[in-house]
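> Listed here are the chains, written in short residue letters.
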Amino acid sequence: MALVSSLALAEPQLTSFEVVRGEDGLTLSFATRFDLPASVEDALLKGVPLYFVADATLFRDRWYWRDQLISRVSRTWRVIYQPLTRTYRVSFGGLNQSYPSAAEAVSAVRRVAGWKLAEPGQVDAGDGYYVEFSYKLDTTLLPRPMQIGIDGQPDWSLHLERVQRLAAPKEP
Amino acid sequence: MTKASRWAWVISLVVVTGAALVLSFLLAIATNNRSFYEEHYSWLFWLNLTVAALLMLVIGIAAVRMVLRVQRGKFGSRLLLKLAAIFALVGVLPGVLIYTVSYQFVSRGIESWFDVRVEGALDAGLALGRGTLDAQINEVSQQTLLAAERLGDMGGDAQPLALERLREQMGASDLAILGASGQVLLSVSRTTELSKPERPPLSLLSSARSARVAAQLEGLDDDGSGVPVAGSPPARIRALAIVPSTDVALARQERFLMATALLPATLATNALAVQSAYREYQQRSLAREGLRKMYIGTLTLTLILAVFGALLLAVTLSNQLVKPLLLLAEGVRQVAKGDLGVKQVFGSRDELGGLTRSFADMTGQLSEARSLVQRSVAQVEAARTNLQTILDNLSSGVIVFDREGLIDTVNPGATRIVRQPLSAYRGRRLDEVEGMEAFAAMVWRRFESHADAAESGDRGHWQEAFDMETGANRDTLSLLVRGAFMPQGARLVVFDDITELVSAQRIEAWSEVARRLAHEIKNPLTPIQLSAERLEHKLAAKLEGADQAMLTRAVATIVTQVQAMKTLVNEFRDYARLPAAQLLPLDLNVLVAEVLSLYATAQEAGTLVFAAAADLPLIVGDATQLRQVIHNLVQNGLDAVAERPVGLALVRVKTEAAYTEQGAVRAVRLHVIDNGPGFTDKVLKRSFEPYVTTKSKGTGLGLAVVKKIADEHGARARLMNVVVTDSAGAQGIPVVCGAQVSLSFSKFALAPALTVAASTDTAPAH
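Chains A and B, in that order, are what the protein sequence lines are.
So in our numbering, spot 79 of the first sequence is number 79, and the numbers just go up one at a time.
So in our numbering, spot 581 of the second sequence is number 581, and the numbers just go up one at a time.
These aren't lab readings, by the way, just hints derived from the structure by calculation.
Heads up, a few of these hints could be off.
As the list claims (entries may be wrong) - As a list, the in silico BS3-like pairs of lysine-lysine whose alpha-carbon atoms are at most 30 Å apart:
hint	chain 1	residue 1	chain 2	residue 2
1	A	K136	B	K293
2	B	K337	B	K293
3	B	K293	A	K46
To be verified - Chain A stretches covered by chain B per the calculated footprint, using a threshold of three residues with CB under 8 Å from any CB of chain B:
hint	stretch
4	45–53
5	79–93
6	136–147
A virtual CB, placed ideally from N, CA and C, is assigned to each residue, including glycine.
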């Protein structure tokens, strides 16, 4: 069944990923494409909150030691179904937004634009910077028995990763 | 810290850790502190798994060790294995039973939580809440629609007062007239504060435009915990209705009437509670497989820990239990092998420890007793050896008879004295020894008679002198026999050869007799001689012819015989009363030559030959007495060869010096050797006693005097026959072809002090 569902759904992928040096530091934009597998949607319908986490870490190469960590940013979205009002609520920080369908709610957490990764002072003109990025459905925040139940199921293992080197800034 | 106790520590530590973890598990379950438990579940799980793995490792090592020991047949391993198996069985069986029951309980119990009816009820509750809310929304939207129509009837130009009236009729909290794009044109509020109501979402605006009225619920949110989010605005229903325009022709912008009605607080709370419970239930239902896995995993882990703990405890306990037994068994084995060394003691205060202690004490006592026995045996052995040495070196003969009268012990002295191989007769009767029959008869007679008279109190021994003939030559031995009773019916016979002693006594007696006889006889001899000569002197002239001749002959006979008697008496006197020797340094060669000058005729005839040794050390001696000795010996020799033809007769006088290994002079010897008929055996034994002679004439005192003088000089005199074995005589039987007399002088004139000492030593003893 898992095979059928994974065939029916498109393979999750990172459709775009961009790190831009700008006036106000380093900003990151990404977009993903995935559909919620049936079992995950079922769990969502039954009131299980889903957590989507995006992590981005900026490193600088160091040949003599472990690479230097410049900055780390993280975003967590929480999607929960409210059966009373039949709406899907997406919480991000203190922000709440309700959507009438699961697809709309998920599309709201699929992409981020202009996510600030580093302050202007933190990144100089040199190269040797790289960004480690990951986007996943975080099961560790689920209730513990749930975690044990879904342990190892491919439906729940949504995990996207990207490592990208920073291009040196163009000469003005 | 011993190896075993270290093991015990490690094992107990592991067991305690495992037990503590299990307890924390149980505590978490018992207090129903589910969040804590769930939070730390995986941590605890892995920790327990680690402990279990550790325990498994320990148990594996222990099992392998035990199996190896059993295979190697190490002592006590079987008992250990047996005990461990029993203990493990006792520990494991209840655990497995409880586990089985609990497993059933958990898997059924969890399923029973999720009931279809409960689920249905929750669904129904949720539907009920939803229905109520829907009804509320419907009502608000209907009222809003009515109010909007009335507003349209009023011509669209609403005054705030009219709007307020409308609001009161509707019972809404806010009422506002909005423009086409949702901007607020006019609003009235129940609350006095002047806050403009928010603009409605565009979706609501568009749906109101198409369906004349639209409503939505706002603010009924929770974060999954079942209570409204703190600080959020209260739940409310927002309805939007389009205000109908009466004059279509006028190009007026469309307007909306927006009403906001607060949802009753109790309704909102209840609805949220239902939603929360529903969500919780659904979550749990979804996670029940995980829950079941969790509980069963915990249970299994607990079982494994308990079982392993029980196994380890079993091994440890059986080790503890077996150890004193092993100690004991090991000790017994050592004792059986004869090792009575110090035994290990198991240091516990229980009966087993006491047992090992008692065993160690017992072994100690045994060892002590054994060493005591060994010591006394050694002492007895030493005493026996002592006694044996004494017996062996005793000059007396000792024979011990056992209670049957058989020879038990014979010492070499006995063999030497009786000249019979007595030791070969051990275990036989003394009568069986050849030539000892008379001796045996005497001994038994004395023992029997003594046994009868044993009560008379002469301390259990008797003594008797006994003469017996023994040896090939039937020599007469004088024995002093002493008998005694020994414990256990054994009998002891001790005898000494007193032949020499008897001989000495005889010599002593002879001296006395000779002295008195000589004195008594000598006195009348001179008057006899004088009287006879006087008779001849007086009567010779008066007689004639045959008478005169007879007288002369008779007197001559008397005088001759008297003279002979005088000589005899003198010899006797000389023997009895030799003057004390005057010991002075002298050269033996010179002395011999001086004496031999008297025998010039014999020397010239070649009958007497003198061979003097050169470098002869000076001896100390009385020249006069020694002269007589030499004289006597030479005369004896010449007498012995007198019957042989002149050419064949030969007497050799020889001096020589004997040296010790270190080169010091040991003795100076004088030999007088003749080739006469030699001595008879009897003479050889007793020739130094007076009146023993080989000659037809002679007093028999010659050799006795020699012996006496030799004794005075501390010299040794020996008589022997010169024996030729390989002569013409057939069968190699020794043939006597002469006699030899030897004198060994061992006192030399080396130092004046020695001479003086020797002279005082040799002072006359009689």
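> Each hint should be assessed against the structure and marked as holding or not.
Cross-check of the supplied hints:
{"no.": "1", "hint": "A:K136 <-> B:K293", "verdict": "holds, 25 Å"}
{"no.": "2", "hint": "B:K337 <-> B:K293", "verdict": "violated, 62 Å"}
{"no.": "3", "hint": "B:K293 <-> A:K46", "verdict": "holds, 21 Å"}
{"no.": "4", "hint": "45–53", "verdict": "holds (count 4)"}
{"no.": "5", "hint": "79–93", "verdict": "holds (count 8)"}
{"no.": "6", "hint": "136–147", "verdict": "holds (count 5)"}
The structure does not agree with numbered hint 2 stated previously, though it agrees with all others.
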